[in-house]
Amino acid sequence: MRLFTVPFNIDNEDKIIGGYISIRQFFWLFIPIMFILYLFVINTGYLTKINTGNGFKIEVNHFKLVIRIIFSIISVIIGCILAFLKIDEVQSDKYFFNFIKFKSRKHIIKN
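Residues 0 to 110 in numbering that gives the first Met the number 0 are what the sequence shown spells out, letter by letter.
These are calculated hints, taken from the structure and not from any lab test.
A virtual CB, placed ideally from N, CA and C, is assigned to each residue, including glycine.
Label-pair ranges, simulated between beta-carbon atoms:
hint: 1; residue 1: Gly52; residue 2: Ile30; range: 41 to 47 Å
hint: 2; residue 1: Asp10; residue 2: Phe101; range: 21 to 27 Å
hint: 3; residue 1: Val89; residue 2: His61; range: 39 to 45 Å
hint: 4; residue 1: Glu12; residue 2: Ile68; range: 28 to 34 Å
hint: 5; residue 1: Val65; residue 2: Val89; range: 34 to 40 Å
hint: 6; residue 1: Phe101; residue 2: Leu2; range: 38 to 44 Å
hint: 7; residue 1: Asn8; residue 2: Gly44; range: 44 to 50 Å
hint: 8; residue 1: Lys63; residue 2: Asp92; range: 27 to 33 Å
hint: 9; residue 1: Thr47; residue 2: Asp87; range: 46 to 52 Å
Input sequences plus hints: build the corresponding full structure.
Pasting the structure below:
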């Protein structure tokens, strides 16, 4: 009689990072974090440094700051949806990519 090794649970992903999230989920959460880091730390176009003689004064362009906050909130929401939401027992990122593949494919309609 032959023995075969069977995985314990093939329906769920392994929670590798901290025992709470998988690598796929970490990837989808890492992208918005890097986007926010770029918007607020690396690209400081919303800040203006003014020399006052005694020191420096930093002024904030509130319109640019609000736009950056809105984009960061949208990116976090999209990242969380792609990381955690399931549609018909399929992860939402796989569902989305399969939908794009289906729509971009040429369909043949037979009469």
